[in-house]
Amino acid sequence: MNVSKSLPDSPSPFKPLRDRLATTVVDLPRSGIRDFFDIVSQMKEVISLGVGEPDFTTPWHIREGAMYSLEQGQTGYTSNLGMPKLRKAISGYVERTFGPSYNPDREILITVGVSEALDLAIRALCNPGDEVIYHEPCYVSYRPLITLAHAKPVILETSAGDNFRVTAERLRPLITDRTKLLILNFPNNPTGGGLSAEDVKGIAELAVEKDLIVITDEIYAELTYDRPHVSIAAMPGMRDRTIFLHGFSKALAMTGWRIGFACAPPELTEAMMKIHQYTMLCAPVMSQEAAYEALRHPERDIQEMKESYWRRRNFLHASFVSMGLNCQKPEGAFYMFPEIRGFGITAKEFAIKLLEQEQVAAVPGTAFGVCGEGHLRCCYATSMDQLKVAVTRIERFIGGLK
Amino acid sequence: MDRLIALLQENARIPLEDAALQLDMSVEEVAAAIAELEKTGVIRAYQAIVNEDKLEADQVTAVIEVKVTPEREGGFDHIASRICRYPEVTSMYLMSGQYDLMLFVEGPDLRTVATFVSARLSSIPGVTGTATHFRLKTYKHHGVLMEKDQPHERLQVSP
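One line per chain: the protein sequences are A and B, in this order.
Residue numbering for the first sequence follows numbering that gives the first Met the number 0, beginning at 0 and increasing consecutively.
Residue numbering for the second sequence follows numbering that gives the first Met the number 0, beginning at 0 and increasing consecutively.
Mixed in with the good hints there might be a few duds.
[Claimed, not checked] Quick list of in silico lysine-lysine cross-link-like pairs, DSS-like style, CA-CA up to 30 Å:
#1 B:Lys-139 - A:Lys-305
#2 B:Lys-147 - A:Lys-305
#3 A:Lys-43 - B:Lys-139
Read the hints as simulated data drawn from the structure, not as lab findings.
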C-alpha cells in the first residue's frame, strides 16, 4: 500500500510545531553553557577548564559494589522514596556531617541527582506568582526551574567585593508578602564562594522572622577548604523550614550515577515524593546500590580527593594572582571566578578569544547570570599538568590583550 | 608536614616551586621541610617505579617466607639485620602468622635466586625453614598500576 497516496493534495491546516509549544518553554533561554559547549566541541586539542565535574573516576569499591549488586540481580524498581537501607545510611551521614537528624522513613527522598530534587522542591512549594529569591551568579538551572513552576524569580546579586556572599542585610529588602522561598547554594558554583557561620546564622534568623522556607543546595559541602562547612539546616528553628539538598556527584566523584537526595519535614517530603513517583518513579536501583556502598566509608575517599582539589586551588589561585588577575580565593567547590573586566571586552568575547587563540576553554561568567559579566569560570578539576599549560597560555593571552 | 609527605609520595620529582604553590607555602619553607624529613630519616630515598615486565633484561623476583628462631636478647632484630644486608634482598618485613620474615629477593635468573636461598639464607644460624614463591607478573607496585587506564571521556564543558 502506498502511504503517500492517502495524503490530501491540498495543503493541510498544519500549524508550525513551534507555535504549539508551551509559552513558558519557548521563553526559556538556552543555557549559556550549552552555547559554549557547541563552540568548544568543534575544536581539537583544547585544554578545558570548562567542566563542572570531578576529574576522578568513582572510587573502585563503589563501582565494584554496583557490579556486585548487578550480579545479584538487583534490577527492579525500588520504593518511591528510595531503598530503605540507603535512606538509613544517608540519615546517619547527614547527622554526622551536618548536624540535623532526619527520619529515614518519612523525611528523606532519593532523587535522580540534586537537579531533580531541586525541581521537586520548587514545584512542591510554589503557586503561580509566588516569589522565589535566589542568588546570582549561580548554577544554570535555578532560574529556569522557578519559571517552569510559574513562580517569579527574584535575584540577589552577589559580587567579588563581598566574596560572593549572601547576607541577611542584602536579603531583607528583597523579601515581600509574596516571598515563598529562598534558595541558597554554598559552596557556590560558579564562584567558589562560601558562607561563614555568622552569615548563615544571620540568614537563618531572617528566615525565621519572615517565615520563609529555605532550599539549601549543599552539593559541594564536603569540598570546603579553609573552615568547617556550616549548614543552614543546623541553625536554630531551621530544620523544620528547610529542604536540605545533597548528593554524591561532587565529593564522591559520582556525577554519572545521578543520585541526589532531599531531607525535609514529612509534609514537604511527601509532597516532593508525589511528583517524583509520577515522573521518575524511583532513582535507578544500581545507582542507589552504588550510593549505599559509597556511604560505607565516605570520609577517606572524600579526604583524598579534597586534598587534591585543595592543592590545585592553591596552585591556580597563586598563578592567577601572580599574572595580575583579580581573583577571590575560593572557599569551596572546584571553581575559580577571576575578574577579567579590565580588558575592555565582555566575558563571552574573552572566553571565545581565549579559546581561539590559546585553545583554553573556560566558561564566561554570564552563563551563570547577568551579574557574572566581567568574570570567567575556571574549573580546576583537571590534571596539574593541564592546569600548568593552561596557566602559561592564559598569561600569554592576557599579555597580548593589554 | 603530612601534606608535604603525601605530595612527595605521589610525585617525588615535583619542583619545589610547584610544591610550594600547591601547599600554600613558600619555596624556602618547602625546602627546609624536605631537608628536615631527609635529616631525620623520615624520607629514606627517592626512586623510580618501573614496570619490570617491560624491560628487555629478564629479572627474577621471589617472595620468600622465612621461619627463624628468635634470640633471647634482641628477638628477631639481630638475625633480620644479618639477612637484610644481602643486596639480593630488595624488601624485607617481620610478619605475624605462619612465618616470621618475608623477603623480596631479586636475581638475574631462577638458579641464582635458588642458590641464594639454599646456600646463603638457609645456612644462617637461626633460620629454620623457607618457602620460595616466584613472581609471574606485576599488576600494581607501590600503589601504581602497571597498565595505564584508558582515559575516560568527559564533556569539555558542563554546568
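Comparing the hints with the structure gives:
no., hint, result
1, B:Lys-139 - A:Lys-305, "24 Å, holds"
2, B:Lys-147 - A:Lys-305, "23 Å, holds"
3, A:Lys-43 - B:Lys-139, "33 Å, violated"
In this structure, the one hint that does not hold is number 3.
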